[in-house]
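Novice: Got chain B; can you put chain A on it based on the hints?
Each protein sequence line maps, in turn, to chains B and A. All residue numbers for the first sequence refer to my numbering, where the first residue is 1 and numbers rise by one. All residue numbers for the second sequence refer to my numbering, where the first residue is 1 and numbers rise by one.
What the hints contain is simulated information worked out from the structure, not anything from laboratory work. For glycine and all other residues, C-beta sits at the position ideal for the given N, C-alpha and C. Be careful, since some hints might not be right.
Reference listing, derived: stretches of chain A covered by chain B, where coverage requires no fewer than 3 residues with Cβ under 8 Å from a Cβ of chain B [stated by the list, open to error]:
1. 117-124
2. 134-147
3. 218-232
What follows is a list of derived Cβ distance ranges for each label pair [stated by the list, open to error]:
4. Gln152/B to Asn204/A: 44 to 54 Å
5. Glu64/B to Leu55/A: 39 to 49 Å
6. Tyr165/A to Leu226/B: 56 to 66 Å
7. Arg157/A to Ser187/B: 27 to 37 Å
8. Glu149/B to Asn24/A: 41 to 51 Å
9. Asp20/B to Lys3/A: 19 to 29 Å
10. Glu64/B to Asn204/A: 32 to 42 Å
11. Lys164/B to His31/A: 38 to 48 Å
12. Ala146/A to Asp20/B: 40 to 50 Å
13. Gly84/B to Leu75/A: 19 to 29 Å
Number of protein chains: 2
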Amino acid sequence: MSKAVLHLIPNFISEKQNKDSFSNELISVVHQLEYFIAEKAKSTRAFIKKVEHPLPLHEIIVEEYNHKSPPEDFLYAIEGLKQGKQVGLMSEAGVPCVADPGNSVVAYAHKNNIKVVPYIGPNSIIMALMASGFNGQQFTFHGYLAHDERVQKTQIRNIENGLKYSYAQILIETPYGNQKLFNKLLSSFSSDIELHISFDLCGNQEHCETRSIADWKRLNYHIPKLPCIFILGKV
Amino acid sequence: MSKAVLHLIPNFISEKQNKDSFSNELISVVHQLEYFIAEKAKSTRAFIKKVEHPLPLHEIIVEEYNHKSPPEDFLYAIEGLKQGKQVGLMSEAGVPCVADPGNSVVAYAHKNNIKVVPYIGPNSIIMALMASGFNGQQFTFHGYLAHDERVQKTQIRNIENGLKYSYAQILIETPYGNQKLFNKLLSSFSSDIELHISFDLCGNQEHCETRSIADWKRLNYHIPKLPCIFILGKV
Numbered sequence: 001m002s003k004a005v006l007h008l009i010p011n012f013i014s015e016k017q018n019k020d021s022f023s024n025e026l027i028s029v030v031h032q033l034e035y036f037i038a039e040k041a042k043s044t045r046a047f048i049k050k051v052e053h054p055l056p057l058h059e060i061i062v063e064e065y066n067h068k069s070p071p072e073d074f075l076y077a078i079e080g081l082k083q084g085k086q087v088g089l090m091s092e093a094g095v096p097c098v099a100d101p102g103n104s105v106v107a108y109a110h111k112n113n114i115k116v117v118p119y120i121g122p123n124s125i126i127m128a129l130m131a132s133g134f135n136g137q138q139f140t141f142h143g144y145l146a147h148d149e150r151v152q153k154t155q156i157r158n159i160e161n162g163l164k165y166s167y168a169q170i171l172i173e174t175p176y177g178n179q180k181l182f183n184k185l186l187s188s189f190s191s192d193i194e195l196h197i198s199f200d201l202c203g204n205q206e207h208c209e210t211r212s213i214a215d216w217k218r219l220n221y222h223i224p225k226l227p228c229i230f231i232l233g234k235v
Numbered sequence: 001m002s003k004a005v006l007h008l009i010p011n012f013i014s015e016k017q018n019k020d021s022f023s024n025e026l027i028s029v030v031h032q033l034e035y036f037i038a039e040k041a042k043s044t045r046a047f048i049k050k051v052e053h054p055l056p057l058h059e060i061i062v063e064e065y066n067h068k069s070p071p072e073d074f075l076y077a078i079e080g081l082k083q084g085k086q087v088g089l090m091s092e093a094g095v096p097c098v099a100d101p102g103n104s105v106v107a108y109a110h111k112n113n114i115k116v117v118p119y120i121g122p123n124s125i126i127m128a129l130m131a132s133g134f135n136g137q138q139f140t141f142h143g144y145l146a147h148d149e150r151v152q153k154t155q156i157r158n159i160e161n162g163l164k165y166s167y168a169q170i171l172i173e174t175p176y177g178n179q180k181l182f183n184k185l186l187s188s189f190s191s192d193i194e195l196h197i198s199f200d201l202c203g204n205q206e207h208c209e210t211r212s213i214a215d216w217k218r219l220n221y222h223i224p225k226l227p228c229i230f231i232l233g234k235v
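Chain B with its partners taken away, still in its complex shape (with noise of 0.2 Å):
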């Protein structure tokens, strides 16, 4: 194994975060690197800028991706990593490569025998499942809901299947699409079943709440339209 390193870097996931919000270990690794992948270089450059990297911004080389990037694209940091350099792979929010792409960066590092380490940061998906209240012990996070209703179908199906199991049911959607989705849930699940939101996680207005679908439908609740993560489980 060569001497490079791939670094799995959180990011913020609110404006809110600042350097206070990350370990110290974290930031002294940061602070050594000079390469970064990125989903969002501007993300990406504001978050180094926040942790008060010691070197200026224009020395260091941010290359960014999109979904259909092949890894050999990030010339620079193929390249350093080539050379036994370290390299930061980022999001541009939360943990790379979980709900977000960069996984296949990942794979690449793995084919050439080049290390990777992945830290510690915020993740929506394992926040909201802790101050659910539901059995953590096994859960599935399906991402989106489809849209195509015949799809949307057998992913109920499935998710019904997966609670029969006793599996808690993770469920993630655009900010704007939060009202539409809770909805949906309400009016697809037996009442019994209960309902987790999490909104807002590491933000001002953040909101962590368990109810029935019974419960919910009395309450003609609103979700605001902010970063937000459903749960469907039993207590």
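Specialist: For chain A alone, kept in the frame of chain B given last:
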């Protein structure tokens, strides 16, 4: 909602970790807490000491729970919450309530309108998923593979089914059972499936590696008796 708060506090996952492994934000919350509900009182007290809590240890109340404890058993903590105090919930290692007990205390809080606040901390499931190079858009955490052969067969069929839908499939084992589970996975899944292992995360022997089942078989690999996460997936 009362002023009471149940804080979900992460613990270390490796002896190598110390105060610098957590954010200043988290440390300053912990420094304000006088009541803890703990999976293991010993590891919670060790954590409190390592993060340099300003109060002497004997002035901090730590109540231990086990799988059977109803939340009402935490006399001091529940009384504290009723009085509007802040209480910390902690696991023996890592974040509480994920692949760990504690969720009944969180459920109690929701039922009694007590605010629940989750904090960022080490979680080996998410760290291994990041490091796997697999699709982290959808995944299932199964916990342990059952010992009963019939139940195990059903689990393996469910895992195969999840892989068909490109859901990464995550398993955990006790360090002592690592090699047995590893061999079981190599013999149960087809050679083109990829298997990721992450062991001793945040520790001195931390290692993350992804290979096809065929490759692992050729290597005749031995996993050390250290905490390990296993993930099956497709790159």
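Novice: Now, for every hint given, state plainly whether the structure supports it.
Specialist: Status of each hint after checking the structure:
no.	hint	in the structure
1	117-124	holds (count 7)
2	134-147	holds (count 10)
3	218-232	violated (count 0)
4	Gln152/B to Asn204/A: 44 to 54 Å	47 Å, holds
5	Glu64/B to Leu55/A: 39 to 49 Å	48 Å, holds
6	Tyr165/A to Leu226/B: 56 to 66 Å	29 Å, violated
7	Arg157/A to Ser187/B: 27 to 37 Å	31 Å, holds
8	Glu149/B to Asn24/A: 41 to 51 Å	48 Å, holds
9	Asp20/B to Lys3/A: 19 to 29 Å	24 Å, holds
10	Glu64/B to Asn204/A: 32 to 42 Å	35 Å, holds
11	Lys164/B to His31/A: 38 to 48 Å	43 Å, holds
12	Ala146/A to Asp20/B: 40 to 50 Å	43 Å, holds
13	Gly84/B to Leu75/A: 19 to 29 Å	58 Å, violated
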